[in-house]
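Visitor: Protein chains in written order, with this note's numbering: chain E, 1 to 760; chain B, 1 to 168; chain R, 1 to 248.
Fair warning: there could be bad hints in the mix.
To be verified - Only part of the chain B face toward chain R is listed, based on derived beta-carbon distances under 8 Å:
#1 8
#2 118
#3 125
Said to hold, decoys possible - Here chain E is said to cover these stretches of chain R; the calculated rule only asks that three of the stretch's residues, wherever they fall, bring their Cβ under 8 Å from a Cβ of chain E:
#4 56-68
#5 102-111
As the list claims (entries may be wrong) - Estimated spans, in silico, between C-beta atoms of each pair:
#6 R:4 x B:24: 50 to 56 Å
#7 E:302 x R:21: 27 to 33 Å
#8 B:97 x R:36: 40 to 46 Å
#9 R:192 x B:66: 49 to 55 Å
#10 R:231 x B:93: 23 to 29 Å
#11 R:4 x E:21: 55 to 61 Å
#12 B:108 x R:231: 55 to 61 Å
#13 B:93 x R:179: 54 to 60 Å
#14 R:13 x E:353: 20 to 26 Å
#15 B:7 x R:223: 50 to 56 Å
#16 B:116 x E:302: 45 to 51 Å
#17 B:66 x R:179: 37 to 43 Å
Bear in mind the hints are in silico, worked out from the structure with no lab data behind them.
Glycine included, each C-beta is placed from N, C-alpha and C at the ideal position.
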Amino acid sequence: MASRMIGSAEGRWIRADLRARRGQALLTVLTVAGIVTALIAAATLLEDGTNPWRGLFERGRGAHIWLHTKTVPDVSALKSLDGVTDVAGPYHSAPATLAADRGRKVPISLQEAPAALPAVARPLLSEGRWLDVRHPEGVVVERSFARAIGLRPGSPFTVTGLNGATHTLTVAGLAETGDQGFYPEWAPGLAWTLRQTLTAVEPAPGRTETVTGLRLADPGLTDLIVQRAVFTLHGQVQRVTTWREVRAAMELDNRLLGLLLGLFGVAGLVAAALALANVTGGRVLTQLRDIATLKSLGFTRGQITRMLLVEHGALGLAGIALGVVAAWLITAYALGESGVTPLSPGPHAAITVGTALVVLVAVWLPAWRGGRTPPLPAVPAAPPRGRLSRLARLALLVRLPPALVLGARDAFTRRTPALLTICGVAIPMMMITIGLGCWATLDDFIRHPEGVGQAAALAVRPADLTAEETRERVMADPDVVAAYPGAELDALVPGQTRTVRTRALGTSADPYPFPVAEGRMFRDRGEAVAGQGLLDLLGARVGDRVRITIGGTPLIVRIVGRVIEPEQDGEVLSLGIDSLAAKDAVPPRFYGLVLRPGAEPGEARARLQAQGLEVAQAVNPADRLAVIRVIIVALVVVLALIGLANLLTAGALGLRDHVLDLAVLKAMGLTPRQVMATLVTGTGLLAVVGVLLGGCVGALWSRALIDLEGRHSGVGAGIGRAPTPGMLAAAIGIAIGAALLVALIPARRAARARIPVTAR
Amino acid sequence: MRQSLLALLAKEPAHGYELKQALEAIFGSAYPSPNIGQIYVTLGRLEKDGHVRSVGVEQSNRPNKKVYYITAAGLETLQAWAEEPTEGPRVRDEFFMKLVLAPMTGLSDRMALINRQRRHYLSLMRELGELAERTDPGDRVALLLIEGAMLHLQADLDWLERCQEELP
Amino acid sequence: MTTTPAIRAVNLVKIYQSGRGLPVPAVRGVDLTVDPGEFVAIMGPSGSGKSTLIHLLGGLDTRTSGEIWLDGKRADTLSESGWAVLRREKIGFVFQFFNLVTNMTVADNVELPALLGGASPRHARERREYLLGELGLTDRAAAAPAQLSGGEQQRVALARALANQPRLLLADEPTGNLDSRNTRDVLKLLSRVHRQGQTIVLVTHDARVAGLADRVVSLLDGEIVDDGAIVRRRGPGGTAGDVVELRG
Ligand SMILES: Nc1ncnc2c1ncn2[C@@H]1O[C@H](COP(=O)(O)OP(=O)(O)O)[C@@H](O)[C@H]1O
Ligand SMILES: [Mg+2]
């Protein structure tokens, strides 16, 4: 009972204090909220970008299990299985062949769909319209498949059934689904048709399949329910696919992005912690007298610590709550339109709890210090009289105006707060610079794709042609400079249960221009280069020999160099195609095409496709990392806010220290303008030092840090770029300008105000 | 008392008893009430010095009484008194004598002297305080007098403190 | 006499360790006993250790050696929190610079100790209303301390110190920063609570304040050089004439 009562005394004080500094409290809440919002939004984008399955699956209420049966299964038996909430289908499904341009034949799977969009396993229409009984020839094509084949809403195409009959259909619309992976990783491609259309293409019931989807209450029970369903259907089941396979097919395992984001998240949190500690510390410093008074009244050390912790912690937690709500609103409304699903609960909880912990730790230190204040308020609150610091003396020596000298003196009078202010500005500035470094790195990816192993913008598969014909056709294209024969194979490596990608491209005599970061390019048969990820996986170093097995053929290669490898998390071995056994090497599976500088890959691709070639365009890692740009901008804004919040605290503290001095200065005959200059110099000097320090350290570190990230993500060191000098100068200039402006506001007010001669 | 009687007479002529009453009315309890004999003695001296003159007034059933008037010489003296600066209170020279001399004789040490004196002053102060509390708050003159006395005492106490600090 | 003293200090010593490591003895072996209801003034030149002594008695500072007994209980061995709890229940403290909590209203300042002592908010409010009424500050209850004059602030500080009806009121130069009119207000208040039986130990330079005390203790260089009652030479009564002498 007593504790509740004592709580009311503490509560009284907290309320009074918050009332006395509403603006500052609000700023604290907003800072924390900004960081939490940025973190959640960034994580959401990241999750969505690298794991599109979840969003598609949730929005389409996908089925966790798909059962492929020869005949129509007992739906009611399936529905009554424990853990099954809904059943999709059963739908008929039939294989067919699509005649693509230039006589290419592509397998396609036609699947029956109702004319009204189903509630479960609903395809998500992204373009065009859904099936319509009045237009039975209209079908809806899965989007990634349509893209690969070059189908658009309205395009006609022909399919050939197993009986050889050809039917002309049109694309009514394009849709996405979380029930099957993207083409070409997941083949055959999918098209939804009406029942009647399906029957027209494949009249023989024996050649159709029935697919039935089960949506589960708990996805964790998938395996169990698969077993039960198979048992229930008495051997009717031919094939089962589950959501795990679909997800695995869709997932883009992008460790680089994750690491970059993690770096920013941690930096944001550190900056936020610093800002909070600064604000709390500054507040506690200005309140030492009051705290001592409270202790003289009988507040214990623990009570004071708890009180400060509750007050400032509550602000931080309020900020977190606000941030969570703001992030929710942003993902629901701003990003919701572009189809982004809210963050899954795991990372969400991690961010929330993580920030809460950081907030509490950041606040705890000043609170603890406040608790240790001796209970003697008699200590006069006079500011320490500054001896002229070395800096100020220097300023005098070079005959600076008096206001600047006085300001320079003030700046370093209180050592610890001065240091805190400098750090409070320098750390956000450093992170901003590192962010700019990331930006520059991405720009470099785009400008120099050959630097990340994408010298060949296009890859051509021979399809129906012979390798020689293909080579002739592509070399005839005016934009193509070189065509390297290549093959991609899976290789078994010792001590690993899984396979790694082996890429043979070019020959030992004429190797593909891999970006070698370490060692040298392969020159002989039996030599290879590897990405950082593979070296880590094998525990090998450049110069080591490794023994791999490709398609049953053992092969011993010497790794002579490390290349920048953005694919497969760097777990790729690259060698000359002549190093492979003839059965794997001849004929080459594809040609990597290097285009003339300045050529437009899209146009070249269209030209080559027109010649009946299957052409794939390389995806620049920067495009996959595009989301990081959004995150950089958001974090720069939040970091800037944090820096400004720190400056405001410093300004308020400085002002409080100098109220007495100001009276004296004015009496000495300083004009308001000079007084203002003095105050601005006092805070501004610290800010400038912080900005310069942060900018320099950031510029020095960004390259190393990004390389470190590159190393850990498997891409390998050697990608990092420092921000361009222009960018850096602009950032520093803007930061200093903003800092001086922020310092100006309280200084102006103080210079104008009539200042009492005594402190109290 | 000479000047206060002259001052009262400069205002208007009066006889001895009236002067006593006027003094009491002005200074109230702050002033030690003078006895009538003292007043007549003083008036006699003033008359002898030519500062006042008296006129007998007949009274029917009582002996004649004298009404006093201020003379030109008296006015002049009064004027000079008002204009000359007043001497400040002198340092308690007797105590200072004791303080300096007593330790030489070995009769008493300075610390004891100062402490005794301090207690004495404080008890005086206490009495002044109590007096101030008893005094009618409307009685400005009296209260100012008491306050003056208190401030003097405070100064004496501060001086004692200095003595204690400075003298070995 | 077998009454337990309100305070008993035995051979109390406080030595500060100054920055350069030189020990500064501020209080050097003080023995002091204060009976319940007594009003003791501590006087002495500045730097003589008065503040240090009163801080030690209130547990605001830790002694170097010696004993402090409050109400017959040993207090010098208490921890900082132990002292805090003791203060909130038994000791009211008044400082020279008022030390009101700046961002709380007058009312909150006065209610705070009662709330801290475990009183219900209603009881705290009633007590505050009573105290401010006594001090003629009822209409300033909602004001911030900064809006009050020095004398008003010090009266509020006194009200705050008395909020929990402490056994002991400690004050360090409560009138040191006030002009004579404000001093008089505070004095009236002190003598009134003293008459109601409040034990008071008070450091002062002001003879008027000391004149209220029953007893004066003089400190010099951290030692007690004099300790004795202020005797009344005459009984109550008498006029200004007894103490004021007009020359002339
Ligand atoms: N925190 C402290 N650190 C070091 N010395 C101190 C401290 N506080 C007081 N002193 C010294 O102790 C002595 C007594 O101080 P104080 O008790 O404040 O005297 P008073 O209140 O009588 O003026 C002085 O010499 C003072 O310099
Ligand atoms: Mg003192």
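Visitor: What hint numbers does the structure not satisfy?
Guide: The structure conflicts with hints 1, 11, 12, 13, 14, 17, although it agrees with all the remaining ones.
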